[in-house]
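Counting in my numbering, the final residue of the sequence shown is number 1170, and the numbers go up one at a time with none missing.
Do not rely on the hints blindly, as some may be mistaken.
[To be verified] Mimicking BS3-like on lysine-lysine, the simulated pairs with C-alpha atoms at most 25 angstroms apart in a straight line are:
{"hint": "1", "residue 1": "K998", "residue 2": "K969"}
{"hint": "2", "residue 1": "K1039", "residue 2": "K998"}
{"hint": "3", "residue 1": "K969", "residue 2": "K1039"}
[As the list claims (entries may be wrong)] Derived DEER-like restraints, expressed as beta-carbon distance ranges:
{"hint": "4", "residue 1": "Y958", "residue 2": "E1033", "range": "35 to 41 angstroms"}
{"hint": "5", "residue 1": "T980", "residue 2": "R1096", "range": "35 to 41 angstroms"}
{"hint": "6", "residue 1": "I940", "residue 2": "N1059", "range": "35 to 41 angstroms"}
{"hint": "7", "residue 1": "A1111", "residue 2": "T961", "range": "43 to 49 angstroms"}
{"hint": "8", "residue 1": "L1115", "residue 2": "A1080", "range": "37 to 43 angstroms"}
{"hint": "9", "residue 1": "Y958", "residue 2": "E1121", "range": "46 to 52 angstroms"}
{"hint": "10", "residue 1": "D1053", "residue 2": "T980", "range": "23 to 29 angstroms"}
Treat the hints as calculated values from the structure; they're not laboratory data. The beta-carbon is built from N, C-alpha and C at its ideal position, and this holds for glycine as well.
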Amino acid sequence: MSIITYPLNGVVYSAEDVATYLCTRTSGVYSKETNFAVSITGTRQITVAPGLAWINYDDFKGVSVCSREENVLTVPEADNILNRVDRVVLQFDTSENIAAIKLKTGTPAVAAQPPDILQNHNQYELGLCTISVPAGSTAVTAADITDTRADETVCGVMRDGVTGIPTAQLQTQAKAMLDSLQAEVDSRSFYTRAEVDALLKSVNPFPVGSIYQSTDPTSPAALFGGTWEQIAS
């Protein structure tokens, strides 16, 4: 059907139809703290807890991913000379129609970096954590694991895409306004209160009721404007 209305009684829906509803949520793990939490359960063994996540992998295409069981992974042996950083991901493969928890092994290097996150039409990954593997290490410790579930550049927490606040856009707009105000201040394209008072004083030195006394025969009206009444000569 060209227009999908979901859900309605008596209508048969395909998975593609349901995906249009699921794509209204942003990609990320469910906010519950234990969702896909990673813990150490052996010398080189880690365990990923059960969890729920959403993956919005294309326009009008989204899926929910539920893992009801723990996933146990083994961290490969460390390099003897160089450090390494591995990454644990929740990966959805669109061509295989399957999601899985995977450990992506990094490349040993002087300044080791974790493997990149894939987020495209074919494979979409959520980064759950990174694991630092120091050169010559024989075990994985809690200090080696960095939880990345809250990092929106690699994972993030799922939220309703309709009510989600575009904070980055708002911050950009606010900064632009502040920059504009700062530029105006810097250019001095306005008068301060003190400057306005001084200007008014200069253009109106004699308020109503003032008395002007001078040996100059020139009328004060010619000098200062306004209406003057001669009271003595």
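We went through each hint and held it up to the structure:
For the hint linking K998 to K969, the alpha-carbon distance of about 24 angstroms falls within 25 angstroms, and the restraint holds. At roughly 23 angstroms between alpha-carbon atoms, K1039 and K998 fall within 25 angstroms of each other, so this suggested pair holds. For the proposed pair K969 and K1039, the alpha carbon gap of about 21 angstroms is at most 25 angstroms, so the pair holds. Separated by about 23 angstroms at the C-beta atoms, Y958 and E1033 break the suggested range of 35 to 41 angstroms.
For T980 paired with R1096, a C-beta distance near 38 angstroms keeps the hint of 35 to 41 angstroms intact. Checked against the hint of 35 to 41 angstroms, the pair I940 and N1059 fails, with Cβ atoms roughly 28 angstroms apart. Judged by the Cβ atoms, the range 43 to 49 angstroms given for A1111 and T961 is violated: they are separated by roughly 27 angstroms. Between L1115 and A1080 the beta carbons are some 40 angstroms apart, a value that agrees with the proposed interval 37 to 43 angstroms.
As the Cβ distance of Y958 to E1121 is approximately 48 angstroms, the hint placing it in 46 to 52 angstroms holds. Between D1053 and T980 the C-beta distance comes to about 28 angstroms, which sits within the given range of 23 to 29 angstroms.
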